[in-house]
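Sequences listed follow chains A and B, in order. Going by our numbering, the first sequence wraps up at 607, each residue one higher than the last. Going by our numbering, the second sequence wraps up at 428, each residue one higher than the last.
I should point out that these hints are in silico values taken from the structure, not numbers from a laboratory. Glycine included, every Cβ here is placed at the ideal spot set by N, Cα and C. The hints are all genuine.
Straight line, CA to CA, 27 Å or less: simulated DSSO-like cross-link-like pairs of lysine-lysine:
no.	chain 1	residue 1	chain 2	residue 2
1	B	K310	A	K471
2	B	K319	A	K342
3	A	K402	A	K526
4	A	K390	B	K319
5	A	K349	B	K310
6	A	K494	B	K316
Between beta-carbon pairs, the in silico distance windows are:
no.	chain 1	residue 1	chain 2	residue 2	range
7	B	P339	A	E459	30 to 36 Å
8	B	W251	A	C321	56 to 62 Å
9	B	V265	A	P509	53 to 59 Å
10	A	S452	B	L334	28 to 34 Å
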Amino acid sequence: MVLEVRNLSVTYQAEGAPVRALQEISFSLKEGDTLGIIGESGSGKTTLGLALMGLIGGKDRVEGNAYFRGTEFLSFSDKGKKALRWKHIAMVFQNSLEVLNPVLNIGEQVGEPLKKHLYLKGKELEARVEELFQLVGLDPQWKEAFPHQLSGGMRQRVLIAMALSCKPELLLVDEPTTSLDPVSRKEMIELLGRLQQEYGFTLVVISHDLSCISRLTSRLLALYGGRVVEEGLTEELLEDPFHPYSRGLINSSPHYFAYKDLWGIPGEPPTGQEAGCSFHSRCSQALESCREGVPALQQVCCERRVACHRGGIVTILEASGLKKEYRLKKRVLQAVNGVDLYIKEGEVAALVGETGSGKSTVAQMLGRLMKPTAGDITFRGEKFYNGVTRQENGIQIVMQDPFSSTSHRLTVEQVLREPLDINKIGTSQERSSRVREALEQVQLPWGTDFLKRFCFELSGGQRQRVAIARALVMKPALLLADEITSMLDPSTQANLLRLLKGLQNSKGFAMLFITHDLELARKVADRVMVMKQGEIVETGSSRRLFTDPCCCHTKELIDAAFGEHQHVHKSHHHPHTHEHVHKHKTQH
Amino acid sequence: MYQSQVMNPRLLLRVPGELYKKGIAFWKSLSIFGKFGLTVILAMIILAVGAPFFTWLPHNVSSGPALVPPGGDHLMGTDEMGVDLWSQICYGARVSLLVGLGTALLAGLGGGIIGIWAGYRGGWIERVIMRLIDIMIVLPDLPIMVILAAFFGSSLRNIIIVLALFSWSHPARIIRAQVLSLKEQGYIKMAKSYGAGDLYIIFKHFLPELFPILAVSMIRLSGMAIVTEAALSFLGLGDPTSKSWGLIINHALNFSGIYFTPFWKWWLMYPWAFLTLLITSLALFGRDLERIADPRVVKRN
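Same shape as in the complex, but just chain B:
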């Protein structure tokens, strides 16, 4: 079937059209909050990717007098070194999104695979994995992350790995539970009785069924990762070379007596606002996605 579809050129032309239609249908199925969330997330991604186009000032060296309030050349003012804050936020979005996305992908896919494996295979493998997940859940992540970050050195890559190490258990648990119930479905049993292999069942039946759930979980993870990275940076454990939003806040708070000055109004408020906006948007979009994770809902609309 697939072969004949690929060979048919008309069908190839139809694919972008169908994607477009599906995109429209998806957009329509979102609630107003979901639409807001998705718009903000897309805007943030555009901002991060096209950072050089949105700001003409450097984000790491001084480009004017220190601690200038917003207005004029400096859209959001400058910090104590005279570095433009808007530039910092634009480039900082890259770091935050990279951490969020990287962690979500790593933990989501890793956790997903572990979950499928545990649920599908069962037996002692499942028991070992489940105990491991239990341990991961009871471990207090932040203190350990602080130690690990301090121990391994705080490069961006290490932070992503550490974050992923502490967040795979959540998707793995959800996916395993789902696989367990899917495994008992008649159509899976039928496929097995027809001689379907493990890979066939996983790719043809499990993944399409699990993907929406995994996507929801990954969006939640990315929100969590961004906050945690900000927290680590705020504690001074972030990658000092990467100007993430958390690091901006860390710098601002390290400025002794910031609350006695008006500087916090821009130096602290803007990165905080962006961080909050992104996290809120991710949460809203994630919540909406969860609602429509069941494909039946999309189709009906």
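The shape of chain A in the complex, shown without the other chains:
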């Protein structure tokens, strides 16, 4: 073990109340391991780096143990820590002017640790500094320059050169790519990757930039409020996050999958005062019981640990062997032929495929508008029952054609109240206020004139919003959106989609987005399922599926939609973590 951290906690003694920046962090790194640490600002990423460097002291308390090659070093005296620093554990600080001394030229600054720790002098020192400059791709003639004369990318290289000067065994890199332009960013990632492979040091990368993390590291920690909420292999975790927070981080990352629309995690970062799970107020699947007790980091499957009272993102709906047959006169038409699918809490899953591939039939069966010929569906772990569409926190469906799904003869209010009236939910006032609330959510006027308007007076876009509002009135946990924008013009479609995705993000319901439009799916979906002739042929995260499809039908679809096939070849091949279903169709 190069590094082993056990129950590391850091408390800053701020004015007034102490701030717990890190709470009981444990992890270990073997020789040559690479670890990524992700999290929002204030989640304790940098504090972790500083604590490992032994740079937190004075009034601020550091508790727990950290072992470097078996020796506990947090309890070392300042002198002992200094001996360890730079020589064994080094850190590339976050790039800014302040980290470098403005009155020393950079050659001297890079040489400083060499002088101090390796006691190099004169020619030897000069040579080593030049060597380091070349190593990080910096012209040695820049030695004489002062920090303010360098560009951001060059400064970052200087910082790396400094950190590598004494050939440390453990390198901590804090935000290596922030404030760099795309070219320098790419170069920096390549540089770090190359150096790590050459020197074989153990690397810890602290970053917001998930593409940097995914390129440089093989394991990943997600920090939230000073705690590790998820830990796993980088590829797997980014492909299929188990904690809602990790999923939120991935969804808000612009670098990771560029085509997807950006949506941040709603709500404010934790204050440290929360009872129970600190993420519960922002979580899409929080229960009352999440307020009790801090969840422990638990193994969920091999190499994956999650700190969640619910054991990670819950699967809300699961269907297996779903079939729909239509009996025509002589032959049996298989509209849906054995579909297995699942939808997780708070995710947007897209079901794509050509027209006639059975997408809508699946949606109608899941929305209980149609009875499946065969197959089991479970919702929240229970067998499907009539009530799922009649209760709050159930399933709601929005259909393709708003002109058919809302009666032209009824007023907006009558349409929206219908589910509440039929199921006798709430008092009359409560129903009215919920109707108004839902209209407000879909950005329609909610004054009395609008409530009394007849549906036939509304435009297609407005009527589709009314249909969405009707679904929202029931506060669904899963929304089935069946080609909801296919009858709308592009501008209305854009507005409606952003609105719906925004609602999904803030309310946290799960959504099955059914479309034949791959561009749209790529924009909104977290996970994509591809259907062909009544079967699901491929499923995977939208990033993986759109950049690296493995089923030929998916490739065909993507080729047709995006012109040319954008296959991204990766230098290090990773095992596909997706399922690839390929059943042989039985002919009827």
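The hints should help you fit chain B onto chain A, whose structure is shown.
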């Protein structure tokens, strides 16, 4: 919602005002023919209901010399018994309208219910009903009606029942077809998925949607019924105690050699004119109603 509306007295006062407004809007949406038709129908109804006020002469006993031409005491002359023709037409309007309305209501509502049932339930019930309707359509109604009328005796009630028995198939067919297409509408499916019962769907969604179509069909039925009753009466199978317009024509034609006399000019012409006027008006109004049966049209005007 309904509760709170009933409890609010201001809303109760608003109802007649709104009805009036709706009435005006409806009137404005009619074409000139529709307006004419509606006026005539309303006039006929007033004439039938207020028959004693429009004529002072009895309609069943002689009130003057026989076969007097129009003019003087007898607005439209008298028949061979000396009974005033205007009185006969006024009271005859009651019979004709009663037959028309009764048949239309009976056949329209009955057929409507059967149609909804068949369309909504589907399955073997629907198949049986559809075959029955097919049979009803191919049966020649008039000959059978003649037999039935002769068999059951020709009271007014029997005539209405027989007429209704032969005309329910038309509305039932139309309503079933409409229900079949309505059933596939998204909002009906949605209502069902929200757990709406059959009665809720029928009353809240089907009936308002079907009513205009049913109304059109009923107006057509009433026209048809009036003509058929006249035809039966003309054939001598009408209720002899009720002086319907058809019976007047029957009497007139039974007067041997009527065409050789000038009597037909009033005895035959007046009941014929009224009958034709009423039927034409019903047809015109029905046609207009059909045009605006779609509520969207009314609203737009």
